[in-house]
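Colleague: Chain by chain, the residues:
There are 2 protein chains.
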Amino acid sequence: MTYCVGLKLNSGLVFMSDTRTNAGVDNVSKFRKMFTWVTEGERVVTLMTAGNLATTQAVASILDERTKAPADRNPSILEVPSMFQVAQLVGETLRDVIASNEGEGQAADAFNASIIVGGQIQESEPRLFLIYPEGNFIEASSDTPFFQIGETKYGRPILVRAYAPDLSFEDAVKLLMLSFDSTLKANLSVGLPFDLQVYEAGSLKIGREKRIEAGDPYFQQISSGWGEALKEAFDSLPSFEF
Amino acid sequence: MTYCVGLKLNSGLVFMSDTRTNAGVDNVSKFRKMFTWVTEGERVVTLMTAGNLATTQAVASILDERTKAPADRNPSILEVPSMFQVAQLVGETLRDVIASNEGEGQAADAFNASIIVGGQIQESEPRLFLIYPEGNFIEASSDTPFFQIGETKYGRPILVRAYAPDLSFEDAVKLLMLSFDSTLKANLSVGLPFDLQVYEAGSLKIGREKRIEAGDPYFQQISSGWGEALKEAFDSLPSFEF
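Line by line, the protein sequences give chains Y and V. The opening position of the first sequence corresponds to residue 1 in the working numbering, with each subsequent residue numbered one higher. The opening position of the second sequence corresponds to residue 1 in the working numbering, with each subsequent residue numbered one higher.
For reference, chain Y alone in the conformation it holds in the complex (with noise of 0.2 Å):
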């Protein structure tokens, strides 16, 4: 399994994935699942996958070479005018991957997967998406403002309490790393390191990047911090009375 968050905040957008894949428990790989593409000044496009890895690999490589082979009849993720063809291209792509496996006579659902693409192109605002298996997708809004692929359920609770969309970027990493660490908690198939990366709207230009390690001070003394606090958050509600 994979957790990927895309948070779009009233400063920009906040990213976060994990790197962990398996296939059964004791086939377990480290694989980086965010990809960015910059032309600075003018755009910052960045997708997180979940699901079958080849699938989501292809996308990425495909989407990759397009940018890097100029001629090609194909449109490039640099080249497109909006987010919104962004989505349509990438959401193409992954459609074509998946179909293109189908086409051999395996079980359809093998090979899905799931992409978040965020990011913004000169002066629109930024936009967040979510792209599913077909092809098609959605796009956050004020009542939807982030999106969960992979493991989504366990860190949802927290997400779902405390979002705001004016959080700042500091405080929105924060609860980001809560929502990761109760999936982490729960689930074994989620696991550190996680990718970090934050895009102030309107810079057009990578933001604050980090690779968030297994022994990470701040995310330990989250963790151990969430549990004291959500303890005492427990002990201030008043006890049931039969």
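Do not rely on the hints blindly, as some may be mistaken.
One copy or two, either will do: identical chains are not told apart, so a pair holds if it fits within one copy or between any two.
Lysine to aspartate or glutamate pairs mimicking EDC-like chemistry, simulated, CA-CA at most 16 Å apart [stated by the list, open to error]:
{"hint": "1", "residue 1": "Lys30", "residue 2": "Glu213"}
{"hint": "2", "residue 1": "Lys185", "residue 2": "Asp143"}
{"hint": "3", "residue 1": "Lys30", "residue 2": "Asp195"}
{"hint": "4", "residue 1": "Lys205", "residue 2": "Asp216"}
{"hint": "5", "residue 1": "Lys231", "residue 2": "Asp216"}
No lab work stands behind these hints, which were simulated from the structure alone.
Since chain Y is already given, all that's left is putting chain V on it; use the hints.
Modeller: Just chain V, lined up with the frame of chain Y:
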């Protein structure tokens, strides 16, 4: 779907179940999923079910009918001498009901169900079991002191963090309310009212019971208070620094 939790505490057992069943989002009904058999002073057995409603109702009815037909050659849940044999009996009944439906050539998984059963018989300790559709089962221990069935993921992080074997019944109910609230907020297939039952170790009679209705003031207080308490807990942790 469904959400049921059985907790094993030093002082006894606590059971909580929702009442929503659905086949599609426009075919929603309310059914009790908690069943209890008692011979006061001798045994108390409580059972909670998740999965195919026809299967779980059949299991509960068959178990119940046997307690009323003492001449039946099959053992009754009120007669077997230990909680282990109660779990065996429930497991066999569950497997038989599922198998009888599978005989009609339907997809095997469609009739599946899981069951939590717990209670106490005479001088032996209270015991808590999780029964699988195959009829086999596992028992709660100090390492795994609670079982969830149904839509288990959203409500799991708070259980993992705040459970302690020495919780009072009052605090255990508070914990379950929080776990159910997290699930309710994320999943339409889990719904109020909830059924709550507490069994005090050694009492050998039905403990305190309550149906928590949609407007229950304590549940509303917990649900809204938890949002605030979580916010404070969140604020109490240090922000990330880039």
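Colleague: Give a verdict on every hint.
Modeller: Going through the hints against the structure:
{"no.": "1", "hint": "Lys30 <-> Glu213", "verdict": "within (12 Å within a copy, 47 Å between copies)"}
{"no.": "2", "hint": "Lys185 <-> Asp143", "verdict": "between (28 Å within a copy, 15 Å between copies)"}
{"no.": "3", "hint": "Lys30 <-> Asp195", "verdict": "within (12 Å within a copy, 44 Å between copies)"}
{"no.": "4", "hint": "Lys205 <-> Asp216", "verdict": "neither (26 Å within a copy, 51 Å between copies)"}
{"no.": "5", "hint": "Lys231 <-> Asp216", "verdict": "neither (23 Å within a copy, 24 Å between copies)"}
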